[in-house]
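Dock chain V against chain U, hints included.
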Amino acid sequence: MDERLEKAISVANLMVTFNNQRKLLKQEYKEQLLFHVNGYRFTINLNLINFIAFLTSRSISETVLIDDNENPCLISDLNSFLDEIMDQYFQANNDYYSKYLELKNKRSVTKLTLES
Amino acid sequence: MSEGILIFAHNNSEIDYAELAYISARYVKKNLNKPVSLITDSGSREWMYKKYPDSVEVFDQIILTDNVSLSLYQKKRYYDGALSHKLLTFNNLLRSKSYELTPYDKTLVIDCDLLIVNDRLKYIWESNEDFMISKQHHSISSEFDDSEFRRISDYSVDFVWATAFYFVKNEKNNTFFELCKHIVENYDFYRFVYRIDNPLMRNDYVFSIALHILNGFSNEIQPVKLPADIIYSLDREDLYKVHDSKTFVFLTNKKNYLGEYILAKTHNQNVHIMNKYAFGRNADRLLEVIL
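Those sequence lines, one after another, are chains U and V. Quick note: the first sequence uses the working numbering, first residue 1, plus one each step. Quick note: the second sequence uses the working numbering, first residue 117, plus one each step.
If we strip away everything but chain U, and leave its shape as in the complex, we get (with noise of 0.2 Å):
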């Protein structure tokens, strides 16, 4: 096989081996966004933190939201569901990136997936 084929067909696996773990760190992170109180769950995003950050700058101390499943939940204490909440965002973003930039910086199929 032509050298230059050669070395694009391993790239090829690198890349495919490496957006393949792009595609799970993903999912690990999504999971992470993953919020619950009182039995209901919420997906935490810029927007739920935006409302409930503008909610609490108006001294609005309880409200009724509803959950990834469409049901309404009351929070009777928005202060710290924003304290949990943001706490919870920036650990996730935080984990992502750090795993990201450690998956970066492998250049290898081997170092990607088989050492630990």
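Just to be clear, a hint being listed does not mean it is correct.
[To be verified] Think about it this way: if two alpha-carbon atoms lie no more than 30 Å apart in a straight line, the pair counts; the simulated DSS-like pairs of lysine-lysine are:
| # | chain 1 | residue 1 | chain 2 | residue 2 |
| --- | --- | --- | --- | --- |
| 1 | U | Lys30 | V | Lys150 |
| 2 | V | Lys202 | V | Lys192 |
| 3 | V | Lys145 | U | Lys99 |
Think of the hints as simulated: they come from the structure by calculation, not from any bench.
This is chain V only, laid out in the frame that chain U set:
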């Protein structure tokens, strides 16, 4: 209310389902810290006792179903990677009897080939929902076309995964499981009505049909999803290496190249390992890393 996990396992001539259930139970107990009960037959139980004497302590209860109707046995093609398969006996249809068999008021039912490696499913116990099941699990391979898991056939209703589901004992859920039993008993009719090509009766199909019927013959009402995602690795793929109790390396199929694989590593994600041979090959290592 009592809470626990239920696993079904019936060995055949080659696959030691009880061993998979034993390993799965060890992972569940470590990560969810709840009692686990096993539904099995006396042959599978005795084999497990010989191999793993401590299984008596691992399982909260072992419930025998020796009087199961032979009509529930089917033949299934078991793959071990893309290029190798065998036709073996398959007994997996007692799932629709979960309601009457479970010793718990709140039950999480899981496949014996599902490895729970994180604690995210713990939120089901405090949930306000009485039934949870997921329509979407994620393939370990980004190249896999998952259309076969979106609908039960090209012309039919949405697919739900019976790999893991949660229910609370109540009248509504009793009706659901009674309907599942009725579908199992009259499967040829339902297979025809729901235009299912695959002759193998799968719990996924039975549950999908039952949910469709109970939702007023509608796909519009979405079942409540489990609080954790599940990644699946097909039986045409392979479990290549177990790094530790949370990190596994798989060989996943390369698109359009039968028998060629790419490596994929999962970490801290619940994985459904459909290749039972691969699961069995890694049994010792899976147990070693969880100790």
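So, going through the hints one by one against the coordinates:
A distance of roughly 25 Å separates the Cα atoms of Lys30/U and Lys150/V; the hinted pair therefore holds under the 30 Å criterion. A distance of roughly 8 Å separates the Cα atoms of Lys202/V and Lys192/V; the hinted pair therefore holds under the 30 Å criterion. Note on Lys145/V and Lys99/U: the hinted pairing holds, with a Cα-Cα distance of about 28 Å set against a maximum of 30 Å.
Every hint, counting from the list given before, is met by this structure.
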